[in-house]
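Given chain A's structure and the hints, the job is docking chains B and C onto it.
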Amino acid sequence: MSAVSHLDFDTVVVGGGLVGAAIACGIAKSGAKLAVLDGGDRDFRASRGNFGLVWVQGKGADFPAYARLSASAARQWPDFAAELLDATGVDVGLQQTGGYDFCLDADEWRARESEMRQVELHTGGEFEYRMLDNAELRKHIPEVSPQVLGASYSPEDGHVNPLYLLRALHRRLDDLGVEYRARQVVCSSSPGDGGFVVNTESHVYHCQRVVFCAGLSNERLCRDLGLHVPLRPLRGQLLITDRVPPFLPAATLQVRQTREGTLQIGDSHEDVGLDESTTLEVVTRLARRALRIFPHLAEVRLNRAWGALRVMTPDGVPVYQQSDEHPGAYAISCHSGVTLAALHSREIAGWICGEPREELVAPFTAGRFDV
Amino acid sequence: MFKLLDEAAELVEIELDGEAVSVPADVSIAAALLYLDRLPLRQSPVSGSGRAPFCLMGICFECLVEVDGLRDQRACQRKVRPGMRLRRQLLVSAESGA
Amino acid sequence: MTGSDHQLLVIGAGPAGMAAAQSAARHGVEVTVIDEQANPGGQIYRDVDASPLADIGLLGNDYRFGRQLVQEFRHAPIDYRANSALWYLDRSSELGIIEDGVHRRASAQRIVIACGAQERPMPFPGWEKSGVMTAGAGQILMKSAAMVPAEAPVLAGSGPLLLLLAWQYLRAGVTIRALVDTSSSADSWSAMRHLPQALAASDYLFKGLKLVTAIRLAGVPWYRQASNLRAEGGERLEALSFDSRGRAHRIQTRLLMLHQGVIPSTHVSAAAGCELDWNENQHCWQPGLDDWGESSRPGVFVAGDAAGIGGARAAWLGGQLAGLQVAHQLGHLDEAERDRLAAPIRRARARHLAIRPFLDRYYRPADGALLPPDETLACRCEEVSAAEIRALAAMGCSGPNQAKAFTRCGMGPCQGRFCGATVEKIFALETTATPQQVGRYNVRPPIKPVTLGQLAAGDGEQQ
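Chains as they are written, first to last, in the working numbering: chain A, 1 to 371; chain B, 1001 to 1098; chain C, 2001 to 2463.
Pulled out of the complex, with its shape left as it was, chain A reads as follows:
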């Protein structure tokens, strides 16, 4: 085995997906000497599976602080997108014209309505939504099938191209002089030299701060530094079609149309462990549901289907936690890397750099799981 090389940084961010890259961009602006350690080209990457929704509605029905967090994050998006375009030339394709979540039967409608009311209550009327029946819905989207009961609608929602977002963030990292290193899977970390020591197979990184944004690997990695983040994978399968003439004016939870004209159809929620594969059953089910909503899509060709693993905390709400045992070590875990990207890049990065953000992050400690 060859000798390892030693490198020094102020901060090491473990994970170069949407969460790690956004946070690293924020930290880098402070001038800190920063490295982002990323995995291999074929590792599990929730960022590549992300549907691209900037989504507020339905979040935090039982967790008011999360509802507020999502709303705040969504509101920062236009500014954030402009900033990225300006800095990197990459247009992440933000469209924030509201979002629809279709209700295909009466039970869905009732459950949704009650959920929306609850969020409205918890956020003291800050959260705007409407329940639209079929007639009203088809005024906005004429192609919706007459069989669809209706939809919930929230004006704050939207979508973005998550892959271009990641590309923009990586470009930004490059411009800001951040050392991005792929194929650097972290094996272990420990306190040392007044800071931390992070080990990969080929290198040893010495730093003052380490931020774990490594998706599903966070649970294992964070333990070394006294952080306990229970996580489990939740598979989602998605379909994407060939280009179709534009017809969808806004994002919907079931189908969204990208800038290029392709349609993304999602998604499933499957508890199957670390298995990203597609299944014929779910792929078929997604196609059927899409056609129930938009029957005119029958001749549209499937371009590809894939599965990705969401990073789920026990309540589905993010964890923002600094280690009590080892201050300077942070764990960041969530399944909404797109919606929260702006917030991660600003407030969360700011918090890690020492800004007074305790009130913001306090509800999101891992301590709430009583581990």
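Read the hints as simulated data drawn from the structure, not as lab findings.
Please note: incorrect hints may appear among the correct ones.
What the hints assert, rightly or not - Footprint (simulated), chain B over chain C, 3 or more residues, beta carbon under 8 Å:
id	stretch
1	2040-2053
2	2130-2136
3	2345-2356
4	2380-2394
Think of the CB as a built atom: it goes at the ideal place given N, C-alpha and C, for glycine as much as any other residue.
Leaving out everything else, chains B and C in the frame of chain A:
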């Protein structure tokens, strides 16, 4: 661009872009379009650049045409039939969504 | 019960698929063959028993031999399904098939993947212009449509198939404007050390010599060690410019036929979860197989050119071996009998494969042919330039899949078949990594086109 080895081979009539044309019977649509030398066969939805059949074995997806109203059919994978209505996918603006 | 459970499902009806099917059926296995084409024969024997060509001898004796194989196959006790495309196959061996436009679900106790090969992508500036085609396309037009160029084509690239096409065209009375040969002299010379072994397959050598002689005698301008190819013109090709032995050339032509060897079609094997290895001699990925053709996925076999490039005869013999092993595994053939039947097949196959080291070295694709200039479209479908890929690799991007995510390269309808090799090669060079380290695109269904309507209407969902 391409010709029949047997000049006396049977021809059939089909419609291409609204015009009646004669093409060899029982060949693929791609072969018929090459016979007619009607290239480019489509315009790429990304930049509008003209494309034509490339591999003729169904894996390059360059030869997409509209057949009897159905878009994006691989011309190399289907044979011509008398009376078939073909349209080259030349209009970019309807697809770009930009 | 929805879907159907097959004993042996063979995917592809080229020489390997037909051989595997017949070999297993002969020993009592129930066999279904699904074939995307309308007639058996695969690409090499395409339409051989249904060809409009008045004289199929025009294409050479090999093609004629193929007709015999197809006719035998048609009479064998096999369920042959033409116009059936495999679009879904996963690691649990669940299958999705589109048969005459209708989707059905299936499962099988054993699968033989015999999907053959594809042309190695040969990217260069302007290769996407109308009038640029592959040599394989030229052969398909001859076999299936009895059509040949109406104007003199330029043939460019390297490899026996390019010479074969030239010879076939000459016999059909087509004038060839030029043969622009990209093989390097270094490779030709170093191939000579494999010549003694190649003599074991001397009929291949004589065949090759015959082709070369005929082309020379016809006076076809033959440009050697060609590089820097550029297809010029507007939307339609007007000329090919290139360098050859220190001089710049420009040949006016509206038809250009390209060839840079063939590589195994690995989409189906990858979808099934078979491990793929990098074959440095043939410069391509191929599935790791035991000596019966069984892959790393138990019960999944790969035979013919899809297993590794060896040509039609080797494919025919390799398919037989897979068929024997399937028959044995399903209890129709004992070990001793299986081995007794396999022995002469192995010997014959070894003889046919003896020419490979020579051919592989002689026709090794020059780096220049695979590493195109910046302005080349690495990805034809999504129009991503080689420059963009190089920039990502230089920036430390983790590999082809991340590059795909960032640029859409590989996300178009061909799903990476014509850009994967280029992207991998660029990454290998920029990051000084081996092909195994660089890796390849993840393969996603559908393997062949399917519409949402076909998917929804089929029997895919459990009742």
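To see whether the hints hold, each was checked on the structure:
Here's how the stretch 2040-2053 of chain C fares: 3 of its residues keep a CB closer than 8 Å to some CB of chain B, so the rule of at least three is met and the hint holds. Coverage of the stretch 2130-2136 of chain C by chain B holds [criterion: at least 3 residues with CB-CB distance below 8 Å; count 6]. Only when three residues or more bring their CB closer than 8 Å to a CB of chain B does the claim for the stretch 2345-2356 of chain C stand; here the count is 0, and the claim is violated. Counting residues of the stretch 2380-2394 of chain C whose beta-carbon sits less than 8 Å from any beta-carbon of chain B gives 4, enough to reach three: the coverage restraint holds.
Comparing the model with each numbered hint stated earlier shows that hint 3 is the single one that does not hold.
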